[in-house]
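Q: Read off the chains here:
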Amino acid sequence: MHFTRLHLSKLSISLAVAAATAFALTTAHVARAYHTHFIALNCNTNNPQPTSSFTRDGSTSVALRAQYEGYQWAGGCWNDNNVDDSPGDPTEDPNTGGEGPDCSGFTFKVWRESTTESDAGGYQWNMLRTIHGPYTAARFRNGDGAPNTTYPKSGLIRMDALASANHIGLIYAPNANGTDQIIEAKGEAYGTNIWTRTYRGDSNYSGVRRVGWSG
Amino acid sequence: MSLWMSTETGDRNNRRRRERRIRSVVAMVAAITVGVVTAVLVAGWTVATGARTGLLDLQDGSLQVTNLPPLLRTADDRLDELRYDVTCAAPETLPDLACDIAGTVFVRSGTTGSFQAIPLAVDPKSEVDRYVASLPADVASRPAFSYYAVVHDNRTGETVTLPAGGAAAPQTSLLLTRPVTVSLGKHGFGTVDHAAARVASALWGDGPGRAGLEDGPQLEPIGASSFDVDATGTVRVLDEAHHQMLRFGAGHPNAPTALPLEVRGTIADLRANLDGGVDVLESVGAPGDTPVLHRFDASGRTTGSWHTAEKTATALRVGPGGPLVLEYPSGEWMPVGATQTADSRTASASQLENASPGQRLADGRQIVAQREGSEARIALVDARGVTASWRIRSATPLAEIQLAEPFGSGVVVVLRTYSDTQDEFIALVLGTHGIERRLSIAPDDWAEAAPLARFRVVSSSLYHLGSTPTGMFVDRYDLEVR
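Residue numbers (my numbering), protein chains in the order written: chain A, 1 to 215; chain B, 216 to 697.
Hints are computed from structural coordinates only; laboratory data are not their basis. C-beta: ideal position from N, C-alpha, C; glycine also. Hints may be right or wrong, so weigh each one.
As the list claims (entries may be wrong) - Simulated coverage check for chain A against chain B, where a stretch passes if three residues somewhere in it have a Cβ under 8 Å from a Cβ of chain B:
(1) 41-49
(2) 141-154
(3) 173-182
Said to hold, decoys possible - Across the chosen pairs, the derived CB separations fall in these ranges:
(4) A:ASP119 - B:THR327: 50 to 60 Å
(5) B:ASN469 - A:VAL211: 28 to 38 Å
(6) B:GLY325 - A:ASN46: 49 to 59 Å
(7) B:ASP315 - A:SER53: 14 to 24 Å
(8) A:SER214 - B:GLY515: 50 to 60 Å
(9) B:THR308 - A:VAL211: 36 to 46 Å
(10) B:GLY503 - A:SER53: 27 to 37 Å
(11) B:THR447 - A:ASN81: 44 to 54 Å
Using the sequences provided together with the hints, build the complete structure.
A: See below:
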């Protein structure tokens, strides 16, 4: 009787261990499906380089390094291999550690801003530096922070932005038909790229300008 | 004596010490000078040659050139230069490094013949890295001139031609000599015209008969990104979030049938074909690829797929030989799918070489549209040049020209007018004497759609794709002149 009980107990433990192992493997498999660990494997926390002058053209150059890279909600680290290295991350999870910026993190880095909101100076962030910055799209839209100001939409030029409550994109080039080519971190299914958009005329969007361009 | 000797020896020692100190300081200054000069020379050499030797981290395809073409000119424009914005290779740590480019604009009077070369020079007036080519007065005043640019990055050796078709498909600038000029005045927001009928509607959601919204916490809502209407009144709406098309039969605005389509599920434009199938232009390509045009038959089966030649595909229209796609950075309409070849390079070259600044129409003409400040310009063009043209002036800013199509002896044009807080669409039927019909249409663009896919004209009706927080709809407006 004692032997049988012991035997059953061992069996239960074995089954529990097997079940736990199976669960762990299943969970690990699910996690592996989207956790590419891009940030953990590639990104850094280096200090930015203060820069006394920053030009629209220089910021265009910064922006174009992110072209064809991924999108990561609350993210801000990317390489320049023209591939989304973390495709298919769940859109509702900001902690997947994937490649790419989100729209406001992209704008912060391209506009070369400080994490201190009262500082309007220029700070060159390395593309592999994980940083989002303090501003959401809505805060950019409001012109919050010393580097940012609202601006009439009809006067916006290259590297000015159009921001709504949920999204922000940077003007890359105007088109002859009145649309704009916008460079933006659009979403997980889109990544970061240049698309034609009609944000300028859309009343959901407001004009935003980075102050202090040196050219 | 000994004192003198002592004093003399002391002075000599002091002098030696002073001389040694001076020599040390001179040596130090010389060393620092040599070091600084060497560092500057090395830095300069590194920047100058680094791209070729791989010492600098320059991004691939980093030379990007854009040009806002003066498609439709008037005599009072005083056009004297062509402008190009250039972004060139720069090390990641020196993004503001000035470009080192050489460029030439090839320009000619008219649309045939040889081009003359004009060098590009830096525009000192510009806030961005802009280059200009001075336009000869005798060219700028002609009824038409055509041009393209070749820009070379001296650091990387990369060369870009814009438009990409070069001499085979240059940009064309046309002079409007006798345009019909209409003035819209200051727009009064909030007084909109009502639609004649709602021909399609669906609530947002995932059940049968519902249209989907794309996922994403940071996304503005995106859904039902394009539509078309055929001659029978059947409405087809691309429900890309559900990877399907919703088909609303005439007289059944609330009872769509769904047809699965193999699409990515991102913003795309759609056009109905005569055989009951549709063409779908995906704005997002597969990783590393350009956007794709898919052709589906009436059962939803894919019958063809073609990549666009350029990186940004904006709008899909029907041309005389098949689909036309407005592509950037060239900013031209390109026939996609016309070359039935598996060789993507040949297909791409065919698109670029057969591109045109105007949208080709079935009757051989082209329609050209340009927004210039708070003015929109429209021209119908045939082989002889401009046959009819319109200038639409507005005291309220104009954004995009959503649609411009021939209509009777004139055109129908849909523009978006905006302030910093409001926007509305204005639909105009324009004839030889000016505005024949004018409509104000509420934007109703709660969900984002393809950029130039909100309006279609079929027969004498204008259809508008709109959306609210509860769902999408298609409204019909009558364009017949009362």
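Q: Are there three or more residues in the stretch 141-154 of chain A whose C-beta lies within less than 8 Å of some C-beta in chain B?
A: It holds: at least three residues are needed, and the stretch 141-154 of chain A offers 3 whose Cβ sits within less than 8 Å of chain B.
Q: Does 49 to 59 Å hold as the CB distance between GLY325 (chain B) and ASN46 (chain A), or does it fail?
A: The hinted range 49 to 59 Å holds for GLY325 (chain B) and ASN46 (chain A), with Cβ atoms some 56 Å apart.
Q: Is it true that the C-beta distance of ASP119 (chain A) to THR327 (chain B) lies inside 50 to 60 Å, as the hint says?
A: holds, 58 Å
Q: Verify this for me: three or more residues of the stretch 173-182 of chain A with a beta carbon less than 8 Å from a beta carbon of chain B.
A: Coverage by chain B holds for the stretch 173-182 of chain A (8 residues, Cβ < 8 Å).
Q: Does the beta carbon distance between ASP315 (chain B) and SER53 (chain A) stay inside 14 to 24 Å, or does it fall outside?
A: holds, 18 Å
Q: CB of ASN469 (chain B) to CB of VAL211 (chain A), is that within 28 to 38 Å?
A: At roughly 51 Å between Cβ atoms, VAL211 (chain A) and ASN469 (chain B) fall outside 28 to 38 Å, so the hint is violated.
Q: Taking 36 to 46 Å as the stated bounds, is the beta-carbon spacing between THR308 (chain B) and VAL211 (chain A) within them?
A: violated, 23 Å
Q: Mind checking the hinted window 27 to 37 Å against the Cβ distance between GLY503 (chain B) and SER53 (chain A)?
A: With a Cβ separation near 35 Å, GLY503 (chain B) and SER53 (chain A) satisfy 27 to 37 Å, so the hint holds.
Q: Count the residues of the stretch 41-49 of chain A whose CB lies closer than 8 Å to any CB of chain B, then report whether that count reaches three.
A: n = 1 at 8 Å, threshold three: violated.
Q: Within 50 to 60 Å: is that where the Cβ-Cβ distance between SER214 (chain A) and GLY515 (chain B) falls?
A: Taking Cβ atoms as reference, SER214 (chain A) and GLY515 (chain B) lie about 55 Å apart, which means the hint holds.
Q: If I claimed the Cβ atoms of THR447 (chain B) and ASN81 (chain A) lie 44 to 54 Å apart, would that claim hold in this structure?
A: 49 Å Cβ-Cβ, so the 44 to 54 Å window holds.
In summary, the structure is inconsistent with hints 1, 5 and 9 from the numbered list given earlier, while agreeing with the others.
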